[in-house]
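Protein chains in written order, with my numbering: chain S, 211 to 383; chain V, 130 to 491; chain G, 65 to 521; chain B, 2 to 263.
If you're looking for bench data, these hints aren't it; they were derived computationally from the structure.
Remember, predicted model here, so these are calculated numbers, not experimental data.
Hints should not be assumed to be uniformly reliable.
[Said to hold, decoys possible] Quick look at which bits of chain S chain G covers, simulated, 3 or more residues with Cβ under 8 Å:
| no. | region |
| --- | --- |
| 1 | 226 to 232 |
| 2 | 249 to 255 |
| 3 | 259 to 271 |
| 4 | 309 to 317 |
| 5 | 340 to 347 |
| 6 | 358 to 370 |
Even glycine gets a Cβ: it sits at the ideal position worked out from N, Cα and C.
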Amino acid sequence: MELTVNSVSCTVQSPPLTSLLNVLREELDITSPKAGCESGGCGACTVLVDGQPRRSCLTALCTVDGAAVVTVEGLGTPEDLSRVQQAFIHHYAAQCGFCSDGMVVAATAYVNAGGSDDTDAIREALAGHFCRCTGYVKILEAVAAAARGDELDIDSTASSANNTYVTIAGAES
Amino acid sequence: MALHRGKGLATIEYPTGMNQNGDPSQAWIKVKPDGRVDVFSGTSDIGNGSKTVQSQIVAETLGVPYDWITYDNSNTDSSPMCTGTFASRATFVAGNAVLKAARQVRERILAIASRELEIDPEDLEVADGTVSVKGTPAKSMGVDEVAGAATFVHGELLTGDGAHLNPGAAIVDPETGEVDKPPHAAISYAACAAEVEVDDETGDVRVLKLTQAYDIGRAMNPTLVEGQIEGGAVMGLGFGVLETCYPYYPSAEHRGDGMSTYHVPTMAELPEINNVLIENPSEGGPYGAKGIGEMANNAQPAAIANAIYDAVGVWVTEFPITPERVLAALDARSEPRREGRMVAFDEELSINSFSSTRTWGA
Amino acid sequence: MKVVGARLPRYDGVGHVTGRTTYVDDVRLPGMLHAAALRSPHHHARITHLDTSAAEAMAGVHAVITHADVPLLVYGHLSGGGIPGDEPLLAKDHARYRGQPIALVAADTVDIARAACAAIDVGYEELPALFDVRLAFDDDAPVVNDAFGNWYDQYEGNLDVRQIRKGDIEAAFDAADLIVSGVYRTQSQEQVPLETQVCVAVPEPDGRLTIHTCTQAMYFSLGVVCSHLQLPMSQVKMVGGTVGGGFGGKVDTASDTLTALAAQKTERPVKWRWTREEEMLASGNRGPWHMEIIDAVSRDGWILGRKMLTIHDAGAYGRFSVYGVTKHSFHHTGAYTIPNLHFDGYVVFTNRIPTTAMRGYGITGLSTAIEVHAERVARELGMDPYEFRLKNANRVNDTSPNRIPYEDPSTVEVLQSLASATGSELSDDLRAMTRDQRSADMLPDHLAAQIGSGGGH
Amino acid sequence: MTSTAAVSMPSSEAEAVAAVTEQPFATVLAGGTLLVPQHTLGQVAVERAVWLGRAEMDGISRSNGRMTVGAAAPLAACTRLDAPVGPCAANIGDNEVKAQATIGGNICSPAPYGDLRGPLLALGAVLRWADPDGTHTGGIADFAASGGARPGMLLLDVAFAVPEAGSFVALRRHHTQSLTAMSVSAVRGADGAVTIAATGAAPDACRLHAAEAVLAGGGSIADAAAASVSDADPYDDALASAAYRSRVLPVYVGRALEQLGA
């Protein structure tokens, strides 16, 4: 079967019922989609299939024969980050990073589809993506920033409005 | 259907570092001939950001730009011993190890610069990758030049090592629990206020808002500490109302085996979260830091439980506070038993008989 | 300070958002085999026989590891702290919990390894299982733990309980206007790191082992691997430091040791990645706690004394539970100063998965219990919850249950900040409070001698 | 298990029926949201599979007051249907799963999956399926009695009369991937009669006849809700206890009926 993965045409040999996740990871050595649960429950393996976000662990190879698949590697490079990737850095939306591969892909699909910076809409779009580290606050901020098209500085991170700082009297530096 | 809102509060404290084995961490640093800095630390980054924070400590201490730092925690051949990333010790304890190593390197940089500039090291300072003479900033040389001179002129390696060890605390009196030294590196403090909405027909609890205050010592990187506190809040929410490995505890049956049957919080469950971060520098932490990662999921469960009481007037004392437990408490709604001075909220109390007989039941 | 305190981006952030960060499961090597584990289907059973010959004979199977392959089968995670080992790396005569590993198969593919696990012939004689810590002390209770019985019995002084005794608890209760009791139970929580436990172990030409590990503690794991394998630390190189979430669940990563044994035996690189189901059902999780609190309080809102009983359900083996209960005991007054204490804490074993570290270890359940109890006491007294907490909050030089003076307690300031952030009105008196050491005249007579004297208690 | 099972890709319903029913019987691959992970994890053996993605079995049409939904229609499309089917479909999985999972796959999945059996039972939906003996029609119960999902069987479509009104309520899920512990669907037909079905009240979706009878007899919603328990056969699982299911079934029946305007 044929796949175009991150703009590269590939002929793949895996059997037709192989999950797209295993095709990408084990046959093509594209390791960004993660086997977080292999049952569709976490979103760490989400990739774009013909532009649409898909759980690669739920997708049999034979159902995507001829499709264009994009993983997070294909969205941007360290030298040329996509807007969503910049937003994830600037808003500190990745901690351990294991959910980021799928999260960035799903967020990109949301932004590409014209998604707004409305928090409820982002939650609706991404609620199937599990992150144990961040508590989601900064992921929502990152996706909203990308949706708005904010100019983003990746050499610093954002201060969020929901956090205020005080210094105990007598403990000033 | 009636939805009831309530507010609750909890305050907590938590130790930084471990109470066993002296809790050692070690680090070493070397400087390349162009002044770029290699930091070797054994601290695993599990998402907590220790690569970042330890690199910041080294950059700050040496007076070089952050992007001059290469941080290597990749293996036990090159990185020295670190007890590990737990017990909120990566910033404080392991951070102290890199801090001490960086101070040694700084001294060596100044020593070489002193020879090159023919100025007493006491009269030199380092900032932004440049060693300069105090009061005479025009007289200076780059740390890159210092490193080159060390390598090619003086035949020296700019290096340093550091180790942090809490003198091992011993329990001196097993009868009383008295210890001879602090079994922690610092203590931090926090509080959380929760707002909830409770459905009194189904017991369903929605956490609407968490407001939190944390004594963080010093924010080594404010964004990272916020990330710990926000992530902890949602994990505490999970502990408080959603997650259980044993739904019928003590029975071991009917365990959730995956994402569809074990209820980890997702964005759908996210309440409004607001934080106050209080700087209260520690005595012994690098730049006043304390560790707060562990405690970040400790205050929410009680705050939520207390908010549920505020909302519907029942105490749920078995966690997580599932809809079943709320509804059972509503159905059994009862006042505590009051007899004279005694106020017994829960009847199954074995504390007075347990120690002597070691059998359960009062 | 310019770099410290700055909002710099993550050191490894670019790799994380571009799919370039290499986690252990992303390591692939020529000739790499894949492992799967045979786990006990029973909560408690005697293993009557174990025959791996059929599995070993299967095409594509390269090795089956059992207890007989482990140089040092039982090693204690806290043996450095004087706490004896109790947990075999692989079950030998007994399975003490459902999910306990009995054998590991290394094969050409995961599918073959799983099929080979199913082909291992194990005989079980099921034994009665103990799940309820309240039954653990009964004479006829099933015995769970080979080393300790049903509760840990080797604290200092040969005690079987972690004790705190401070002040004069009976006098505190005699002086109390109210004696308020409550019982609290907190539950097992799974860490749920998104990356499940995973290891790649590689035999090197020079006889060393390289172990790609997801551990939170490379040196701790190095010690565990070298102990079980009876190797000097020079023979093992742990490679890791970049972990897909841990939260305490990746400190005692048995995956490293077992995969290393498989690599040694096969002389091939071996990968073992746990499924999500294994992570949920067979990995160590946060242990359940049973806590009883009785507070002696005065009508005007002082906590004069606390009696507390804690029973920690450790699961089948000790792992870090003794450490956890000790830490728990040291903090059982929470953010308050309570001068008179009587605390007993037990580590009890049951036939469930050994519990382990998780964020807030030893204290998450404790904080929960203490703070619901505090709210109950405040409500019973008819006192504002902020006032009750601020009044009893620890101050500079008050001492913790284990007699350490608090250096920089900020409970007062933390509560004041929270009140301010939530729009809760505090009285002038409460707003004026500080963490400064209390003077004796700020305290009622029965506490002044204990707290106000300069913190010696 | 990454078996080397061949997958045929029929381009019409007739081809699909032929491919599924010929020996050796084939496993149907629709959305794959259950089959693919089970296959990956070695929990199911597949000798031969038939994928419905090109069989043009995903149509949704309305004619003469009846909706017909092809078995391969994705849940994302089903969310646009009126209650109780639409909100029930919306309550399954997240957007990515809904784009892939199909109504037929949902109907064929064992409890605790198969949420749509509840609304379809309430609607008195008629299923059409093929097996080596030919094409059959029947309700949800008939389909189950015939053996339900099995090798060699292909669910073709599901049809139901568009109700006067419908409602759907469910215990809140805390995770978009969480299974729904319990749901209640209520339908008022053209004749004014109300039918009610639940999932999670019994090991499989069930009609709540006693509650329906109370309403038919002119009883109140409260009385109907209270009566609903007599049709329940509650059970413990990871999601909820039998006791809780019994305790809140009347609450959700009441809410479904209130929503229906019964």
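Now the hints, each set against the structure:
Check on the region 226 to 232 of chain S: 0 of its residues sit with their Cβ under 8 Å from a Cβ of chain G, so the three-residue criterion for coverage is violated. For the region 249 to 255 of chain S, the assignment as covered by chain G holds, since 4 residues bring a beta-carbon within under 8 Å of that chain's beta-carbons and 3 suffice. Residue count for the region 259 to 271 of chain S with a Cβ under 8 Å from a Cβ of chain G: 0. That is fewer than the three needed, and the coverage hint is violated. For the region 309 to 317 of chain S, the proposed coverage by chain G is satisfied: 4 residues have a C-beta within less than 8 Å of a C-beta in that chain, meeting the threshold of three.
Coverage of the region 340 to 347 of chain S by chain G holds. Counting CB-CB distances below 8 Å, 4 residues qualify, and the rule asks for three or more. Check result for the region 358 to 370 of chain S against chain G: holds, 6 residues qualifying (beta carbon to beta carbon below 8 Å, three or more required).
Of the hints listed earlier, those the structure fails to meet are numbers 1, 3, in rising order.
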